[in-house]
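Start from chain A and add chains B, C and D according to the hints.
Chains as they are written, first to last, in the working numbering: chain A, 1436 to 1733; chain B, 1436 to 1733; chain C, 1436 to 1733; chain D, 1436 to 1733.
Don't take every hint at face value.
Said to hold, decoys possible - Stretch by stretch, here's where chain D covers chain C in the computed footprint (C-beta under 8 Å, at least three residues): (1) 1446–1460; (2) 1523–1537.
What the hints assert, rightly or not - A few chain D positions that, by computed beta-carbon distances, are all more than 12 Å from chain C: (3) Asp1582; (4) Asp1633; (5) Asp1671.
In short, the hints are calculated from the structure, not lab data. On a predicted model such as this, the values are computed, not experimentally measured, just so you know. Every residue gets a Cβ at the ideal spot worked out from N, C-alpha and C, and that includes glycine.
There are 4 protein chains.
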Amino acid sequence: MQLGVIGLGRMGQIVVNRVVEAGHEVVAFDLSAEAVATAADAGATPAESVADLADRLGDDKRIWLMVPAGEAVDATLEELAPHLDADDVVVDGGNSHFEKSVRRAEETEAAYLDCGTSGGPAGAELGFSLMVGGPQWAYEEMTPVFDAVATGPDGHDRMGPAGSGHYVKMVHNGVEYALMQAYGEGFELLANGRYDLDLESVARTWNNGAVIRSWLLELCEEAFREEGTDLGDVADHVSGGSTGTWTVREALEQEVPVPLIYQSLAERFGSRDEARFSRRLANRLRYGFGRHEVVREE
Amino acid sequence: MQLGVIGLGRMGQIVVNRVVEAGHEVVAFDLSAEAVATAADAGATPAESVADLADRLGDDKRIWLMVPAGEAVDATLEELAPHLDADDVVVDGGNSHFEKSVRRAEETEAAYLDCGTSGGPAGAELGFSLMVGGPQWAYEEMTPVFDAVATGPDGHDRMGPAGSGHYVKMVHNGVEYALMQAYGEGFELLANGRYDLDLESVARTWNNGAVIRSWLLELCEEAFREEGTDLGDVADHVSGGSTGTWTVREALEQEVPVPLIYQSLAERFGSRDEARFSRRLANRLRYGFGRHEVVREE
Amino acid sequence: MQLGVIGLGRMGQIVVNRVVEAGHEVVAFDLSAEAVATAADAGATPAESVADLADRLGDDKRIWLMVPAGEAVDATLEELAPHLDADDVVVDGGNSHFEKSVRRAEETEAAYLDCGTSGGPAGAELGFSLMVGGPQWAYEEMTPVFDAVATGPDGHDRMGPAGSGHYVKMVHNGVEYALMQAYGEGFELLANGRYDLDLESVARTWNNGAVIRSWLLELCEEAFREEGTDLGDVADHVSGGSTGTWTVREALEQEVPVPLIYQSLAERFGSRDEARFSRRLANRLRYGFGRHEVVREE
Amino acid sequence: MQLGVIGLGRMGQIVVNRVVEAGHEVVAFDLSAEAVATAADAGATPAESVADLADRLGDDKRIWLMVPAGEAVDATLEELAPHLDADDVVVDGGNSHFEKSVRRAEETEAAYLDCGTSGGPAGAELGFSLMVGGPQWAYEEMTPVFDAVATGPDGHDRMGPAGSGHYVKMVHNGVEYALMQAYGEGFELLANGRYDLDLESVARTWNNGAVIRSWLLELCEEAFREEGTDLGDVADHVSGGSTGTWTVREALEQEVPVPLIYQSLAERFGSRDEARFSRRLANRLRYGFGRHEVVREE
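Extracted from the complex, chain A is given alone in its bound form (with noise of 0.2 Å):
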């Protein structure tokens, strides 16, 4: 089958690469000319512009927009629409807010598929997980392609309507970072207890035959090899967040507990601080009640 892919970025070359391979033909365009002649020399066709795309995909257009969550999917769509109609397919494989994809597919033209991608660049070549939303019939003709960017086809399933891809996706986050938090724990626990332990050792001990083993573990064990049990100048600083807060947001309105979800997130938030108001204040309390002695910086 025929597919255009708009976004060349990392995930967007792998997209290409895994569809070409597959045997499928694919138009490739990104506002970047150098990133459209690294898809064009992995076998892709290249497009001019986004109206060039549209028209080399003839009827029934197939797409694949990889690019950055936000405007830039709705600059895309705006830009795609007047050559869209309802027997086209778009699937939007970023990392989308649901409800975001709940509004794009109502005002799409085309069938719109939501499409959550985890994997990472590894995915590259063992192939991706894809949770997807949107119409069943959509979906089903997508099926070739997403059989070829998954990992084959375990590695793809339509949740539901509209939005349910990249609701299963954000959760699949917040669930993430509990898992990083998880292990971390006891690698913190194990880098400070009685033992002088080889922490990569141990993770790689784990991840033959343990209960916890796991693909998150062998990043672990990779992390300690290539950084050394102590995890050398790796500072204590972890960044993005978005998907684990918006996984939290919706716990909230749904009422659902997650404390391990909200306190990996809030480890990462007091990860950015320089210091942390509430043990400064809870510093100068003791004193308050007990004349301890404050602590100050010097």
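Then chains B, C and D, alone, in the frame of chain A:
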């Protein structure tokens, strides 16, 4: 009545003062001659040794220990032992672990009262809250002294048998940690929120009629008045933690969830770390799966 | 001075009473004629409608809204609008979200004061804590009324510009949740711990001189006195939660960690579930990896 | 090589099978004659007693204990003692507390290896993850057996001196609790969220390429397949908790914050309560300050 006081630190002197002012006779001893002299100035009869103190008290001795929790209590009890019999009463007003108090009650010839004491130096004027464990008759015998040391008759009570006084005090301190952290979180949000607020004014307004008014909130008000609304150079470093640790350990033993008390303690531990290993690992893992740039220490 | 009060529920009546008792003139209106009659009995001049109330106030109107947060506030303001000009002052004493108060302040011709009110029905005698946001001149104009409604001059203050009063009240409530949970954890441990304790006695002893003494702890004491040390048939079901949810959402927005406030809210959510899905899954997973018997519902 | 196995429960039989299949000679004993017969069917030489097993092993005994952690280990070691000397090696493959392993290593004449074993019954086919503490020479001596019992050479390693194997296993289990709770929170939100989802499909899609893929997530997938997407009659009651409790206690000792591990344990405790006292008190306090109706049990 007549009371022997052993241990004349800040808290011991307050006990002496309050009991003397209530019209009782006090015999006082401390390893520091200077501390004994201070107590004598306040109207106590100075003793030259534990044995001397015991001699001066005659039969039916009533003795208050205000020595640092731990070995000092055992050492003092050992020294007292030859002078004690079943008609005597010993009060441990320090911050001992309840299991030690149970053991000491069993090993001591005299009646043994474990007395959790709360209120800090401010209690010099207001009196303390006294949570007492041990035999009913001994508690009754000591009532005039408890009336004097406490805020009054409502400021002390017998909680139950040996150990229960220090047990209730232990839990009191666990709650104290959580209250401090709770106020701290509120003020941290206000300090980092949408408005430029005068936190002393906030605390004062709350202390006058709001649901969350309390003595700790009065101490917050004082802290902002004395340190400024940004707490000046007060450091993010909270010392202490032993009674909170005891509380969490006991809650683990009893399988009672105490998430707020635990988290308050964890915040203290976190305040003492240069950098949290768990967050450094999360920082690195985000590169592992998403090629997000690792933040490095400079 | 002269004050119009709109909204004569429990809290509105207290406002009427306290302002009348302070020697001011009150014009009162409510949709319920019965409520208006009650206010009239207390010394207020009854009004037949919002328009009638506005007419009776003449120029430089001073109006206190004590209607339920939400649409009622907007509806009342809309009805008042034709009668207001820039010399008038409207106070919203309810529990509105601060962002709505900012919007209302912009939309209202009159000066608009958002006034967070804490203290509950007990404030009828003691007076309330009032956290006020809005123009300085309007706050000063209303001072005699605030003096009457609050515990006194220290019981109210201007926090800052529009919205800041309800903002500080929102955070107050977040802290309130955490304080309640903190005391709850302490008493839960005592109720399930090693000693058979009289929790009313514990609370009373703490309230007299202990570091954690507070008004909420006095309410704990009252609860144990009235319900018994085991709380009788009081159910594990905590209602409410909107202001706590607002607090956590704002803390997410500001990236401020509030783990205790969050967990207190999560406990409320958890109290409303028949069975927590996360724990049911953990139950089943223990079979998955360890062949531990699955506990089934009967 | 030749290995004695004492303790032939589910895990002990798997050890026998894997070691026999690897071509080694096994002498097996258990208090249950039936268990010994099963091991004999699998190719082991049956022993009639601990002494008989020791006799059959000759010099340089290599013995694997797979008896329940606790008194059974000490009882077995006591029985073995007369037969052991410094050239022998004893492995404790059970879930002992690391401090007991340190003590046993000191008290046992033979070299003592504490061996944390993870992987559960599924390890019968895949092999286990083995975390070993104790003398290097003894670990090397046992390598052929560890190769057979583990998933292979990468599935076992020497962590460090006595106790370190069980120490790392203890922390492994703490992390395990947190991972289970983290997945549980994600699925709880999905089960109560905006979409009607097939959770088996979600888990399968995640397991194929997503960042959070893991063996535990495969067990989630299995659970939803076997119990249904709503988990059927699986109860909200999580048993167990001893290794998690050990982990938190050790983290308290080392002053390392482990909020996720703690909270996972607290959730287990909470799942065993009919009604949480802390929340019952909060329910009542809301009446105390706000006259909100108390929810009563029917």
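Practice task
Over 12 Å to the closest beta carbon of chain C is the bar; see if aspartate 1633/D clears it.
Solution key: Fine: 15 Å to the nearest Cβ keeps aspartate 1633/D off the interface.
Problem - Verdict on chain D covering the stretch 1446–1460 of chain C, criterion of 3 CB contacts below 8 Å - result: violated (count 0)
Exercise for the section: Establish whether the coverage given for the stretch 1523–1537 of chain C by chain D is satisfied; the threshold is a Cβ-Cβ distance below 8 Å, and no fewer than three residues must meet it. Expected result: violated (count 0)
Problem - Assertion that aspartate 1671/D lies outside the chain C interface [Cβ separation over 12 Å] - result: About 4 Å separates aspartate 1671/D from the closest Cβ of chain C, which leaves it inside 12 Å; violated.
Problem - 12 Å cut-off, C-beta based - aspartate 1582/D kept clear of every residue in chain C - result: 23 Å, holds
Of the hints listed earlier, those the structure fails to meet are numbers 1, 2 and 5, in rising order.
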